[in-house]
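Each protein sequence line maps, in turn, to chains E and A.
Residues in the first sequence are numbered consecutively from 1, following this note's numbering.
Residues in the second sequence are numbered consecutively from 1001, following this note's numbering.
In short, the hints are calculated from the structure, not lab data.
All C-beta atoms in this analysis are idealised placements derived from N, C-alpha and C, irrespective of residue type, glycine included.
There's no promise every hint is true.
Per the computed footprint, the stretches of chain E lying under chain A, defined by three or more beta-carbons under 8 Å from a beta-carbon of chain A, are [stated by the list, open to error]: (1) 70-80; (2) 99-113; (3) 216-229; (4) 289-300; (5) 336-344; (6) 549-560.
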Amino acid sequence: MDVQTWTYLLVGITFSLYIGIAIWSRAGSTNDFYVAGGGVSPLANGMATAADWMSAASFISMAGIISFAGYDGSVYLMGWTGGYVLLALLLAPYLRKFGKFTVPDFIGDRYYSKTARIVAVICALIVSFTYVAGQMRGVGVVFSRFLEVDINTGVIIGMVIVLFYAVLGGMKGITYTQVAQYCVLIFAFMVPAIFISIQMTGNPIPQLGMGSKLNDGSGIYLLDKLNGLSTELGFAEYTDGKKSTIDVFMITLALMVGTAGLPHVIVRFFTVKRVKDARKSAGLALLLIAILYTTAPAVSVFARTNMINTVSNQEYASMPQWFKNWETTGLLAFDDKNGDGKIQYVADASKNELTVDRDIMVLANPEIANLPAWVIALVAAGGLAAALSTAAGLLLVISASVSHDLIKKVFVPTISEKGELWAARGAATVAVVIAGYFGINPPGFVAAVVALAFGLAAASFFPAIVLGIFYKKMNKEGAIAGMVIGISLMLFYMLKFKFGIFDGGKEAVAALEKDWWFGISPEGFGSVAMIVNFIVSIVIMKFTPAPPEEVQEIVEDIRIPSGAGEAVSH
Amino acid sequence: MSEKQKKASAYWKENVRYLFILLAIWFAVSYGAGILFKDTLNEIKVGGFELGFWFAQQGSIYVFVILIFVYVRLMNTLDKKYGYDE
């Protein structure tokens, strides 16, 4: 069978599986819809969290980014895993004990204020919408390359599938489809990685293969070989990198703290039964995520070495079929500047003749390594699983923010449970349509904003939640001022240095780099804004009245793990 | 302070002490070994890996996973000690 047939087959089977699960696990109550009835086992929740977390960015883009950035790519590896340590130790157990449905629920109740709740809802909506648009785009890209449909048709197919199981099943449907999606995506990621690791180094474990000697009898370590190739072509050494130490430090911190503050991840810990299950499922989630995250840097090294070996200084006419396939998508482009018919791939932009979109490294990897057709098809199914699972998780946060935090808690407190359930379904439908629109007409800034969403989460949610748990005397004045100033500072820095709003637009951005405060990039600035948030909260708190007695009692209560009970709405 | 409150605050103190220790390790493997002292550690090679690079792309992640499971065990024991387990 050819790649096309295999792809239709595998994508068809996995999609029917997701739909089957959704029908089997329909939501009957708001409790089912928001937190899957609160009875999910730690392992199932760990798998669902892992699938929820690993988006199209983790599956498709990350290994590609690392393969071009080398050491600098470590910020994503450490940042997107280290955040789980913060989540497990500082947030998940306490938020589970608190036992509500959403993050704004916690902020609103802990800080006894509607203003705080609304600020939190706005932050959650900003973060989730920017994120979900990127996922829809990922679905479109996979469809267009592997099933040869138009990107827009791909986005619409993705929308219909997500709509079906998110609207019907709510959190319950999403949880069990995510369990299936985790299995699909991890299998799809590991199989080609293991194949290529054996091919290049003879070691079946990619994590070890990355540090092994090459299989070609030269006796050279793979990483040494890649460092040599990189410097030969004028790039930085692969294991060294170009970013300054302070910037690497700050970006890693912003990603870690941002991860811990992302509403669609936090909300998953409301679905387990007991506090100890929340701790355990955070550990399982990270273990399951780490399988992909420790393999990805190995894939980066394999793919980068393979790619340079295949194209560098070779005749354009002798390029294999995959090269032509990707050229037609526009993600790979060759421009014979010196007219010698060979491909010069070098760091110097004026001499470089090959432009490679980073996203294709994972998708094209099996083809570059000449793997069988079913493996290539599997990667397509895995990419779709990653994008769909994250999109569904985000849509749930959006719908719960609207139906629960805004409609129920602010505007129509008298709404019946049934009414709220329908409102949640309506909000999810509207959110899918908006996300699909952005997937079809991506605003130029989506990719940039997705990276910055972490900075925004770090600058707003994280300090308010941590202080709410660990600092009994923290009051609403301090928390609101901290969130507003933290997120505004981050937005200001982003607009100034990422979009050049105050200095003549996007063209001016590169020239502004030397003005970065303390040499910190916009991606890393979330760390600074977070520190400012902490300081502002504590200073304001000192000059304003202490929180009421009953709120301080709530804080004492969430610190004790027993008696968590079910998540409740009142 | 009542007996109940005393117990709760003793539990909390031990919990916070665990957090400090575990987060110190968390910081040391990622920000320490993987970023601040990367260049020094890169002088040491283990197999084909420079050590600082290994910590940044592999080692820190393994330690993170272990840290959470150690925390789970410590807290389960602590819960039992104070009678908060269920």
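Per the coverage rule (Cβ-Cβ under 8 Å, at least three residues), is the segment 336-344 of chain E covered by chain A? violated (count 0)
Counting residues of the segment 70-80 of chain E whose CB is closer than 8 Å to a CB in chain A, do you get three or more? Our answer is that it holds, as 5 residues pass the Cβ test (under 8 Å) against chain A, meeting three.
Cβ contact check, 8 Å cutoff: the segment 289-300 of chain E against chain A, three residues minimum: n = 4 at 8 Å, threshold three: holds.
At least three residues with a C-beta closer than 8 Å to a C-beta of chain A: is that true for the segment 99-113 of chain E? As far as the segment 99-113 of chain E goes, the hint is violated, because 0 residues have Cβ atoms under 8 Å from chain A.
Are there three or more residues in the segment 549-560 of chain E whose C-beta lies within less than 8 Å of some C-beta in chain A? holds (count 3)
Against chain A, does the segment 216-229 of chain E show at least 3 residues with beta-carbon separation below 8 Å? That given contact holds, which follows from 4 residues of the segment 216-229 of chain E lying within Cβ reach (below 8 Å) of chain A.
Consistency note: the structure conflicts with the earlier hints numbered 2, 5.
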